[in-house]
Amino acid sequence: MAIEQLKTEEFMVNMGPQHPSTHGVCKLVITMDGEQIKSIQPHVGFLHRSIEKIAENRTYAQFVPYTDRIDYCASMNANHAYVTAVEKMAGIQVPERAEYLRVMMAELNRIASHLVWIATFAIDLGAVTPFLYAFRERELILDLFEMTCGQRLTYNYMCIGGVNWDIPQGFEPKLREFLKIFPQKVNEYEYLLTNNPIFLYRTKGIGVLDMDTAFAYSVSGPSIRGSGLKWDIRKAEPYSIYNKFDFDVPVGHTGDVWDRYKVRLNEMRESTKIVQQAIEGLPGGDTKVKVPMTWKPPEGEVFSRIEAPRGEMAYHIISDGTPKPYRIKIRTASYCNLQVLPVIAVNHLIADLVAIFGSLDVILPEVDR
Amino acid sequence: MLELNVIFEAVHRWLEGILPQGLVTLISALGTGGIVLAFLSILALFLVWWERKVSAHMQQRLGPMRTGWHGVLQTIADGVKLVQKEDLIPATADRPVYFWAPVICFVAAFMAYLVIPFGRGLIVQDLNIGILYIIAITTFTVVSLLMAGWGSNNKWALLGGMRSAAQIVSYEVPLTLSILGAVMLAETLSMVGIVQSQAGGFWNWLIFRQPIGFIVYYIAATAEANRTPFDIPEAEQELVAGFNVEYSGMKFAMFFLAEFVNMFTISAIAVTLYFGGWNAPHPIFNFVPSWIWFMGKSLVSVFILMWFRWTYPRIRVDQLMGFAWKFLLPLAFLNIILTGLGVLIFRN
Amino acid sequence: MAGNIIKEITDGIYNLILGLAVTFKHLFKHAITLQYPTERWEMPERSRGTIVLLSDPETGRLNCTACLLCSKACPVAAISIERIKNPDTKKFEPQSFNIDTTICCYCGLCEQACNFTAIKLTGKYEFSASDKSKLLYDMGFLQEIGRDVKYEKREKTAAKKKAVAKAETGEDVGGAPVADAKAESSPGSGEAKKED
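Chains as they are written, first to last, in this note's numbering: chain B, 1 to 369; chain Z, 1001 to 1348; chain X, 2001 to 2196.
Be a bit skeptical, because a hint or two may be false.
[To be verified] Below, simulated DSS-like cross-link-like pairs (lysine-lysine); rule was C-alpha separation at most 25 Å, straight line:
id, chain 1, residue 1, chain 2, residue 2
1, B, Lys290, X, Lys2085
2, B, Lys204, X, Lys2007
3, X, Lys2025, B, Lys185
4, X, Lys2153, Z, Lys1053
5, Z, Lys1053, B, Lys185
6, X, Lys2085, X, Lys2120
7, B, Lys290, X, Lys2153
8, X, Lys2120, B, Lys180
By construction, these hints were calculated from the structure, which means they are not laboratory data.
Okay, chain B solo, but in the shape it has when bound (with noise of 0.2 Å):
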């Protein structure tokens, strides 16, 4: 008997908003034809809070607390993306202390995102241990930035023109002691989960994003790193001071959850010498130049893009020389990203999508904002 005989039915699943493993609230409808995967819609959404509209009601300063909770997660990089655009757009040249200890931040933010990924992608996998470990290296850098700045996860850390806080005197050996047994903290993910013959099973051929898919959707970061391009914008376009460190931009080979996941590992690493690079280097100065809260920019617009840990984002703003902007557009990676998932994940199994889903690392502030 012919299988079309037999008249299976797809059936439709619904991986809705509250889901331990959407990494927020998304949801994913799935038509499935047994445990394969026949199509899936997303429905975003959920998280929505117009951020872009009260933009236009906000100063230019007023809008910087409001960038940290695009993507809670790095959110130094986030307030980074902002005021390197209104800079830009400005002209205003920021004091080089600020410029390095806003590199430092953002790396260290960087290690932190990759963290929770690593721990929510092991978790989601079955593998509940790499979690907790992760967090525990992740509470150091949360310490470290409580101490600067006093908040551990939407610092409000950057202003135009600089940052709002010097470094405290504690800062520089606890940064130092991180930084020393960070290394053999990765090692020991590694050993857990790289050549771990079942984490093997679960991410290797699975979910392969080839380049041309990968361009035609604007995937960006990590994601499209791990299909074969070294693309980052920290060594394309060079945004604040990255121009002056040393580090190496890793790249994988066939676009598969594995390769996405060995991306991000050693991303880790190459922030880790970036921060290291930026410690040593710190000259010294001010923190920031003085800009007036009713300061009016110049009329005009302007396209900024930096790499965020998830990919590209950039802030496309339009200013009519008053206090408040006319147009604040933002382009998040996560957006971008996500729409790469429905065509990735087509004929895998759920537990396959879920590990795409999870490698794609996703969060979805970033998507709804």
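Start from chain B and add chains Z and X according to the hints.
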């Protein structure tokens, strides 16, 4: 000295003096069954606490600390909480099926303990088909999981139930075949007989003559007990607890406890078949009671199962099946062939 | 072919045991968690927790001069102030000072805007309430929770510039990280226009 079978035999003889034979048999059967049931309930409580503590310390945290000394009474607190929860039955659930599924799971888990030798003379009933009885009983869990999945009237539960049924049925085959190897060497199906064939010292333990058989048994048994890396049926992250997603309160507690009791069952069988049961590793240590040896070895095996759970990710269901049929099964057959050849050459 | 399979199997077993070794090693390490509430984390000096209003340690009066800068700086409009002119001193005083902590996002822009060290974010965080109305703090409450907060009074910008210039004539300012509150970066001054 502290051999418990002395107490039981004394009580039995005393009863025989007072009551007629039939009544004595009945009372002794019910009594020993009841004692094993009580012991297992306490053991399940202990195992739940131990798992939480082991997992906590592996993750550099503390686990339960407030209820009793270092949280010993935590499981009782959880049990009380579950008992006083509302017994929710989904409106569209298939009531009899939904109700009986946890009961069957629980009963099947406990019935295997009729033939587990806890020590010298400490076995409820030494059936001469002991190990075969256990293999038959552990299959009941499949029925209960299917019932749970179907009776919940929930797509996710159904998926979980079907997956678990497929998993358990697939792993039964290598499990049985690996046990066959040990039985061939012990030349008896009775559990007490298998233990007695390993008496004398650790060099007589069957692990040294059945290494492949042990590995196949251990992996297959982990899959039977739905422990990571084979815990797809309860994969929280994928199916939101799988087949028991619609269960709450005492029914959920039954599934949960049955899992821990199963874990101890497979450890007990591993110890009986491969590690000498209640025998001491060397005749010098015979002063230590046999049940302490048995419990100690079983708890070590339970610890190893917990260790696996908190280290490894889980395997996907189709890879799980492939692993059972394409890797474990040929290995089990190889084991039987080699054991048969060995018996032929070295005993005849 | 067979050699490949054997190598795969031995590699697999080796890596599985490596994973087990990592978790086993951690069994013997100290726990890194705190048993709250018996053990508490010591909040760093710059913690941005609950907002308080600071008072002069000698006179007990609020430092606040009702300049309304913090209210204008707040991005979420959590601060509402009403002011009256004191007939004796001819200076403004806050008549009512309300902070809606259900809206406050703890960004610290109000603290940066204040020139009189009147408002501060502290390391206090245990203010849960079961009634939402209790989370709207009025002036009395803000002053009360601010009484035990140690602070250093920030000088006004012009005076500060003079002091910094004076210090610079004798010594050279090094690149070492600065520690105390006085030398922290100056807040953004100037008026902020904000629609309510």
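Output the indices of the hints that this structure fails to meet, ascending.
Result: hints 1, 4 and 8 break, sorted rising.
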